[in-house]
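Modelling step: build the complete structure from the supplied sequences, incorporating the hints.
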Amino acid sequence: MPAPPNTRPRVFLHVDMNAYFATLEQQANPRLRNTPIGIVGSLTGGRSVVVAASYEAKRAGFENGMTMTETKALCPDIQFIVGDPDKYRWTHNTLTDIFERVTPSVDVFSIDESFLDITGSMHLFHGPRNAAQHIKRDIRHILGDHVTCSIGIAPTKLLAKLVSGLKKPDGLVHITWDDISTLFRQTPIEALCGIGRRLSPTLHRLRIHTAADLCAYPRTELQKIFGPRMGYNLHRMGHGLDPLLHTHPSPLPQSVSHTYTTPHDVVTTADAKKVLYKLSEQVGNRMRRAGLTGSRVAASFEHTAVTTHLPRPTNDGYRIFRSAWARLAITPFRSGFRHAGVMVSGIRQGHGQRSLFQSPRGKHEEFLTQQIGKIRDRYGDWTILRGLFLESPTDRTARGNRPHPYFLPPVGGFVERTARFEKT
Amino acid sequence: MSEIIEEPIEVLASFSATQVIPRRFRWHGRTYTVERVTFVHTTRDGRSKLFHFSVTDGINYFKLCLNAETLTWRLSELDAGPS
Numbered sequence: 001m002p003a004p005p006n007t008r009p010r011v012f013l014h015v016d017m018n019a020y021f022a023t024l025e026q027q028a029n030p031r032l033r034n035t036p037i038g039i040v041g042s043l044t045g046g047r048s049v050v051v052a053a054s055y056e057a058k059r060a061g062f063e064n065g066m067t068m069t070e071t072k073a074l075c076p077d078i079q080f081i082v083g084d085p086d087k088y089r090w091t092h093n094t095l096t097d098i099f100e101r102v103t104p105s106v107d108v109f110s111i112d113e114s115f116l117d118i119t120g121s122m123h124l125f126h127g128p129r130n131a132a133q134h135i136k137r138d139i140r141h142i143l144g145d146h147v148t149c150s151i152g153i154a155p156t157k158l159l160a161k162l163v164s165g166l167k168k169p170d171g172l173v174h175i176t177w178d179d180i181s182t183l184f185r186q187t188p189i190e191a192l193c194g195i196g197r198r199l200s201p202t203l204h205r206l207r208i209h210t211a212a213d214l215c216a217y218p219r220t221e222l223q224k225i226f227g228p229r230m231g232y233n234l235h236r237m238g239h240g241l242d243p244l245l246h247t248h249p250s251p252l253p254q255s256v257s258h259t260y261t262t263p264h265d266v267v268t269t270a271d272a273k274k275v276l277y278k279l280s281e282q283v284g285n286r287m288r289r290a291g292l293t294g295s296r297v298a299a300s301f302e303h304t305a306v307t308t309h310l311p312r313p314t315n316d317g318y319r320i321f322r323s324a325w326a327r328l329a330i331t332p333f334r335s336g337f338r339h340a341g342v343m344v345s346g347i348r349q350g351h352g353q354r355s356l357f358q359s360p361r362g363k364h365e366e367f368l369t370q371q372i373g374k375i376r377d378r379y380g381d382w383t384i385l386r387g388l389f390l391e392s393p394t395d396r397t398a399r400g401n402r403p404h405p406y407f408l409p410p411v412g413g414f415v416e417r418t419a420r421f422e423k424t
Numbered sequence: 425m426s427e428i429i430e431e432p433i434e435v436l437a438s439f440s441a442t443q444v445i446p447r448r449f450r451w452h453g454r455t456y457t458v459e460r461v462t463f464v465h466t467t468r469d470g471r472s473k474l475f476h477f478s479v480t481d482g483i484n485y486f487k488l489c490l491n492a493e494t495l496t497w498r499l500s501e502l503d504a505g506p507s
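Chains E and B supply the protein sequences, listed in that same order.
For the first sequence, the working numbering assigns the number 1 to the initial residue and increments by one for each residue that follows.
For the second sequence, the working numbering assigns the number 425 to the initial residue and increments by one for each residue that follows.
Since the hints were made in silico from the structure, they are not lab data.
Note that CB positions come from ideal geometry on N, CA and C, so glycine has one too.
Warning: the hint list may mix true and false statements.
What the hints assert, rightly or not - Short derived list, chain B residues pointing at chain E, Cβ under 7 Å: (1) T462; (2) T467; (3) D469; (4) G470; (5) R471; (6) T480; (7) Y485; (8) T496; (9) S500; (10) D503.
Said to hold, decoys possible - In silico SDA-like cross-links for lysine to any residue, where the CA-CA straight-line distance does not exceed 20 Å: (11) B:K473 / E:Y379; (12) B:K473 / E:G373; (13) E:K58 / E:T94; (14) E:K374 / B:S472; (15) B:K473 / E:T94; (16) B:K473 / E:R33.
Stated by the list, open to error - Now the in silico label distances, taken between C-beta atoms and shown as ranges: (17) E:K363 / B:D469: 27 to 35 Å; (18) E:R322 / B:I428: 30 to 38 Å; (19) E:A60 / B:E427: 20 to 28 Å.
In structure tokens, the structure reads:
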């Protein structure tokens, strides 16, 4: 396929860390290497989802989304490891530093994938393959020999991501426009980033089964069926081009949220309040550190979801909790849930405008919130908590004096919609 | 399988120009020699910076934690090999 007209020649790398979470655990603990391991949020509860697995487990048939019970049935030798989000986040930041030494144009796609535009910097490394090898060497040197990545090199991000998946682990695949025709004939349409479960059935009905089929489909027909914007982007993707993004993206995130899947069914109101409070405080802490407030709170317990508007924007976790609980408490929710979430939207910069008519109680609460924030900044997020998180000495002794499971942070619990927060 | 320990330990470490390397540590009266540091990462607890060293003595896996604020060490995790 010739290069599209009016396109400036560019070179992108897509770096995809191989079995990221599992590989890091195997790097840290050599006893786990060459054995099947699965990363979970908690070791209790066979219904817990295995969030990631090593290549040894994948070769045994593990697929994303499987529960511990399903995985164990497929791979009886598998060892389950509780995930370490702090380790994964630290490594992610370290990887970004490595990438930024190759080019300042780093687009973080997820915790284990990034795009690098090396158009303007690859000459410093004598070509794109050398730049990619440089990244691999740095990763091995800084993180360890067991940590590998697959890198795709291509003229667009879409193509770079496509080809990075062709060789795993520790792959390096470089394509040019001349290679696209042959590649697209063998590429299932679902393999293109951005075409998932919602789009693919419609595309199949149109007899678009491969990327080459999409390339051949008239643009005007795609726009008639999918709308002018989506149709145009599909046309671009069929030609190996990146879809057009929205212009003027907002510098602020659309929302800040946390979700959690508990290791056991939550059956009591007291426990439901604890889970909601913890999630609310996590959201509030994140927003406070980022200097953000929000005016809409959405909370959910499995199949029950509520939304409420706050009279004043806030980043106070306790206010978020109280407003969410006030709605949830009067909405019948099914007890025995395991999945809960809290999201704050209507995000704005700053710590909110004080009301002229604030009561003495309101001023006191605001002062208390500020002091709690200072204590947490100094000593840690869970240094000071509300009384509703307390439990009897008998309950704690029954758990062998270990922290309540609801104190443990969820694996990968923080969800950010648009902006990337500063490194922690 | 790793076991959570979270107990204070005594550590002998070397300080080079760029890094801290734990060399030996004592736990429950027994001295362990670090054969290799396999991974190091940092976290924060409030203002305190914590350094987490994943190490092995050739048989067992240990996770040691140095609190840079208090300059204290603790044994966070242990995955004991065959005895």
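Hint check:
1. T462: Holds: closest Cβ of chain E sits about 6 Å from T462 (chain B), inside 7 Å.
2. T467: Holds - the Cβ of T467 (chain B) comes within 7 Å of chain E, reaching about 4 Å at its closest.
3. D469: holds, 4 Å
4. G470: With Cβ-Cβ at 4 Å, under 7 Å, it holds.
5. R471: holds, 5 Å
6. T480: holds, 6 Å
7. Y485: holds, 4 Å
8. T496: Hint on T496 (chain B): violated, closest Cβ of chain E at ~15 Å, above 7 Å.
9. S500: violated, 10 Å
10. D503: OK, holds: D503 (chain B) within 7 Å of chain E, min 5 Å.
11. B:K473 / E:Y379: holds, 11 Å
12. B:K473 / E:G373: holds, 18 Å
13. E:K58 / E:T94: Not OK: K58 (chain E) and T94 (chain E) at ~26 Å, beyond 20 Å, violated.
14. E:K374 / B:S472: Cα-Cα ~14 Å, so holds.
15. B:K473 / E:T94: Roughly 16 Å between the alpha carbons, so the hint for K473 (chain B) and T94 (chain E) holds.
16. B:K473 / E:R33: violated, 29 Å
17. E:K363 / B:D469: 27 to 35 Å: holds, 31 Å
18. E:R322 / B:I428: 30 to 38 Å: holds, 33 Å
19. E:A60 / B:E427: 20 to 28 Å: holds, 26 Å
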